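Those protein sequences? They're chains Y, C, A, H and Z, same order as listed. So the first sequence is numbered by my numbering: it starts at 868 and just counts up by one. So the second sequence is numbered by my numbering: it starts at 1294 and just counts up by one. So the third sequence is numbered by my numbering: it starts at 8 and just counts up by one. So the fourth sequence is numbered by my numbering: it starts at 13 and just counts up by one. So the fifth sequence is numbered by my numbering: it starts at 42 and just counts up by one.
Calculated from the structure, these hints are not laboratory results. The structure displayed is predicted, hence computed values, not measured ones. There may be inaccurate statements among the hints.
Derived list of chain H stretches under chain A, where covered just means 3 residues or more per stretch with a C-beta under 8 Å from a C-beta of chain A [said to hold, decoys possible]: (1) 76 to 87; (2) 93 to 104; (3) 108 to 118; (4) 122 to 128.
For each residue, glycine too, the CB sits at the ideal point set by N, CA and C.
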Amino acid sequence: VDEPGGGAGASGDEIKVGILHSLSGTMAISEVTVRDAELLAVEEINAKGGVLGKKLVPVTEDGASDWPTFAEKAQKLISQDKVATVFGGWTSASRKAMLPVFERNKALLWYPVQYEGLESSPYIFYTGATTNQQIVPALDYLAAQGKKKMFLVGSDYVFPRTANKIIKAYAAAKGIEVLGEEYTPLGHTEYSTLVNKIADAKPDAVFNTLNGDSNVAFFKQLRGSGITPQTTPVVSVSVAEEEVKGIGPENVAGHLVAWNYYQTTTTPANDAFVKAFKAKYGADKVTSDPMEAGYNAVYLWAEAVKKAGTTEVEAVRKAAGGITIEAPEGTTTIDGDNQHVAKTARIGLVQADGQIKEVWSSPGPIKPDPYLRSYDWAGGLS
Amino acid sequence: MLSVSGVDAAYGRARVLFGVGLEVPAGSLVCVMGRNGVGKTTLLKTVMGTLTPTAGRITFDGRDITRLATHQRVRAGMAYVPQGHVSFPQLTVWENLQVTLEATAHREPAAVDEALDVFPALRQLLKRPAGLLSGGQRQQLAIARALITRPRLLLLDEPTEGIQPSVIDEIEAAIERLHREAGLTVLLVEQYLDFALRLADSFVVMDAGEVVRAGAAEELHDEEVRRMLAV
Amino acid sequence: MTWGRISLVVCVVLLALAPLTLSPFRLGLLAKYLCFAIVAVGIALAWGQGGMLTLGQGVFFGLGGYAMAMYLKLEEAGSAGLPDFMVWSGVEELPALWKPFGNPVFALAAVVLVPGLVAFLLGLLVFRQRVRGAYFAILSQALAAAFVILLVGQQGLTGGTNGMTNFTGFFGLDLTDPNGQRAVYAIAALVLGVLFLVAKLLVRSRFGRLLVAVRDGEDRVRFLGYDPALVKTITFTVSAVMAGLAGALFVPVVGIISPAMLGIVPSLELLVGVAVGGRFVLAGAIAGAIAVNYAKTLFSEDFAEGWLYLQGGLFVLVLVFAPKGLAGVVESVRERFGRKPVEVTA
Amino acid sequence: MTGVGSPTPPAALLEVRGLRVVFDGFAAIDGLDFTVEEGELRFLIGPNGAGKTTLIDVVTGLTKPAAGSVRFGGRELVGRREHHIVRLGVGRTFQTATVFEELTVVENLDLADSFRLPLRSLLRRRRGVSDAVASALEAADLTALADKPAGVLSHGQRQWLEIGMLLVQRPKLLLLDEPVAGMSRSERERTGELLHRIASTHTVVVVEHDMEFLRRYARKVTVMHQGHVLREGSVAEVQEDPRVREVYLGRAKGKAVT
Amino acid sequence: MGALANQLPIGLSIAAVLLLIALGLTFTFGQMGVINMAHGEFIMAGAYTAFLLQGVTSQSFLIALPVAFAVAGLMGLLLEWSLIRRFYGRPLDTLLLTWGVSLVLQQLARDLFGAPNVQVTAPGWLVGGVDVLGLRLPYNRVFIIGLAVVCVVGVWLYLTRLPAGRRMRAVVQNRELAAYSGIATGRVDRFTFLLGSGLAGVAGVALTLVGPVGPSLGTFYIVDAFLVVVAGGLGQLRGAVLAAVALGFLNGYLEFWTDASLAKVLVFVAIIAFLQVRPQGMFVLKGRALV
Ligand SMILES: Nc1ncnc2c1ncn2[C@@H]1O[C@H](COP(=O)(O)OP(=O)(O)OP(=O)(O)O)[C@@H](O)[C@H]1O
Ligand SMILES: Nc1ncnc2c1ncn2[C@@H]1O[C@H](COP(=O)(O)OP(=O)(O)OP(=O)(O)O)[C@@H](O)[C@H]1O
Ligand SMILES: NC(N)=O
Ligand SMILES: [Mg+2]
Ligand SMILES: [Mg+2]
């Protein structure tokens, strides 16, 4: 009776799916766009006849940028709305809060954002990048460019701290010098001291794991300081098209970002995605990596359900391994072992018009390795 | 000049005045008397518009001012010295006077000097924040401030409270002079019978929120009035 | 029986029936509201009675919550293991600060003592120097901000932004089991009831009157021979302990404690309920806390983006039209239809 | 100077020596010596701004002096905090009466009565009204208003309540700052009688400007001027002193009685 | 050592930002006793004004300063007239009230301008910087420091030299008495609020040079702004200036020696410690009355 996923959400000719993002609070800025992309995917799938002949009915909830609320709403979607699966979360904190809920209820969460790795829950599918698909390639790229001295800047929370641990292990192994490692509270807006520290250290590159609004302040204040992308490029892993707009392209132009997808990525699927997104939400809207990952998540789940022939959670999990779609970012495949997806890494250069130009990409999709087991320099990390 | 008729007033739901009526003819000096808590202050506050009457009418110079804002009443020529040494505590004595002058219609700087002539002790205190003055000093300031507006009707609520005897004499002299020479009309609340007796033309006795007796000054000697004022 | 008694009995009966009628999910929510109601009792004491607008109550809530969470984490990890978040934060050995929390008695004592002690020391420092009113409000708000920054920055010790989550047991109760959840609910309800009575007695006592006097004329109170700083400190400490207990219960009820619960905004939100219900009446504060949090759940289910409008608007409306909250409205309705108006004459 | 000449000088209850109070460079009290003996009823007068209230402020701990000492029953008061001084037995009223508006009249009095209770008993509820409170209600004529919040009291009623609070506080030394200001004549008389009664068992210092009141109830008077003692003596002596008349009473009506 | 010296202008830059965001509070909080939590949203309104005006003319940024003053000022006036005036003498209630208003304004901004940040492009003449003590001080910082100085001088003149300022202080100190003195208190209140809020608007324009422009903008600055006023002493302009400078340098150096998170915590500890010595802030207006 309280069988949450079991043929779950599927009553009559409908399948309910939960969409759980922050629609209010500080994270709303980012998460609303992901919700939009997920809703677009649901709509497209319905337009093509739905899944197993049933229409998808999204049930949207607000996580309110508050981790306990995410847990509460997840529980609500599972036990009250009895959805077949949930797409949701952005911050790692929200994911960690939801994880026990999904595990306890044996329900499914699709998490669409790049994160710090070191996690693999049987009830979560990770459609964003793990560290070896974003941070490690970015480091490889910098190393290839001959950058020997690095400065690390991040927001004070789990993702940046873990990312920096990885970076330091990498640096130690590859003879790269880390000149400084600085954290600022989320929502911090005063970067003059930090910029001064960077100017003082004279690194070859800055690795930026700042999140949210802080990026705006950081780049605006960096620009006046005389530190230029030519002398000291900043590589950001949490700045996508949406953020570039808010920072002001003129303030980030010439700096680098690392993702798996840009609006400019040239694949047929992406042309369709961007066009559909703009058609639905407005021509001035941009698409970004987490949005694309959220969009993919819906398709990946739908494919797994089709393959399983049911929405029942265990069946979907079993069916999911090896599911492949032609996503906007290219071919993406679910790795059945760790429930992450294989993704292509891309380094981008921010353009003056706010778009991001790909300057390097991995030869093909990189197999996800959330625990970095295949990298010997990362031995001490997990 | 001032006419109050049938005024009821209340603080929230607590009624304090019950159908109070009062006439203050131009050029007169009327004294309101009564035991503590009978509603004298409340009456003056109602006349000044701090309290809006729930019934009744107040006219000034024949004009109905029952609903007029306080500052407009002041502009119309009424001035009020509240009970209890009130001032703008963080403004200096000079600023206290100046700010009042700037709000008057006439804005004549000479008015400040005239007021200070009544209370010369204030001259040494001009730079001191009023909140630091002694009680009596503040009371002097309060009266001086009222005079600056050059009112035609002056309402005084126990003006001698806390003031040293020699200054009381001066206040008395000043009120008398303004009253006699400049024709200032005064509505005075005063507990000091002798002070009131020397100045007042007529009096009003209040009890429990009502006017229980009104008459000419001479009648104040009346034993009945004394009894009314007794507890 | 007075109206107060009748409504009290009705409330107790309703709370007792809840486990029988509500789904485990809804019951969990109700238990969460009860936790906030416990904080509300403390706020009503400190703010309504004592005039100390504490915008940092989240700090004490958090101290209690973290103390409890540390115990539960250690309990779960067993004697050898490390709490999960330490593993992925790269901590290899249990920090010294954590060690005593393996002991349930110590942890329970800490739930009360740590918030109490912090509040006591802070209160002593601040109130002795006669920092009050807006100054105190703003300082307490800054305290909340600083506390969150501190917690987030000590990831290996506190779990950082993530906080701690994934609790399965609570003193032998299975939190994943509906019966365990019912038991936790019952504990929360019981604690609320007891603290309500304690607060009620305190308000009615001479100390309570003294507190009101301190609120309205702190300096005058000194000349009656009392030390207002002490009166305030005691009250502030009591309210902090209540917040700490609420935080400790919140952990098994909701299953997570994180800095997101303790910052400026959540601390302010705790006040919303108290203001809406009526800060001067303890029962009003409780009712307000429950009602507002229930409204928050309801609206975020159906009307997510409007919640801020509603919350903000509700606040404004209550303050403008019912500054004494719902309790004030009830009071004046009762006065209008019950008692005679007072005519004050001497 | 009456006290000095007496054969067996009673013990000084309050001894102020070399007191100096400075506000932003202005000396409100300057080299003041002031002694009150046990059981005295002392009147303190002087021009507005002479420093009378400031003196009370210093004795009760509200203002810190720049120099000098205040000894009460042999104990130094300077440097002690206000509530300690109260607990030693010094009570005061304020020139502008301040009462707790939200508490009822009885509760105001009860608080003044309860400060000696240990914290534990403070945590209990008040039951009924103590004798001290009942008689203070009586004395202040506030029985009818006993259960009204003090906020509704008029100016004069507050003054009475404040005196009542001081009474139930039962201090050894009472400092009254213009207790009859704003009271009607008959009320002043009542206060005077009350004062007399209190003075028979307590030491009292009264600041007043009401000369009539002074003449009726004062025994010994201290006149302050510009922060120091100008004259001390009986009412008659003080009234005749030309300096006192000059700075305080005024020329014409110093003696006028109505 | 060089870096240590060049923290000097940085301390000054931080101080200027703190001062700008806190200056308006000198009126609304310091003078009127209204703990206006919506102050941050008035700053936000100023920032969005700059956003909306950009590109309208070549000097939009400069024009935005007075326009933002007017926009935020009018919002403040409206707030005073519709709500605050019922709350005089209840400072703690104003805190909650205006917090409610700030939530509504934030959501309104989200609905009007979208949740993501928007960008205000700095005018060309503010791009680049000048070398001071071996440190490059960006022109936008120089501009903010200059703007802060101008605003402080203006406020100082207003408070101490102009009749309007005197009138304002009178009304705040004793509303009833001010009316008895013939002052139209309602008008003074509204005007005071207009000034304080208008200054927030000006700060908002300046902040677009260095920070994000989004619906949450106000929340980033509001706590710091109040701390400046508290540390400085209520209603004390020189206190606010000194506190801003002190906190600016403290922040700058503490962050330089430790990190941003710890610096924030240490600053808070320093303020508590400071209030132990000076409980009412740096400058206090003494009074004799009992509270
Ligand atoms: N703010 C108030 N709220 C409620 N009741 C009040 C308020 N102020 C005064 N009262 C009541 O109104 C009555 C009249 O008070 P009012 O101040 O007018 O007396 P009064 O005649 O001026 O007395 P006094 O001679 O003592 O100054 C008193 O009984 C008092 O209790
Ligand atoms: N905190 C202060 N700062 C500056 N000056 C002060 C302060 N307190 C008192 N004064 C000044 O000290 C002098 C003495 O004041 P005090 O109040 O003691 O006078 P007083 O004798 O009680 O007068 P009154 O009879 O008018 O009440 C006055 O000139 C007053 O202005
Ligand atoms: N996973 C992140 N970016 O928090
Ligand atoms: Mg009166
Ligand atoms: Mg005095």
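Taking the numbered hints from earlier one at a time, note which ones the structure violates and give those numbers from smallest to largest.
-> The structure conflicts with hint 1 only, although it agrees with all the remaining ones.
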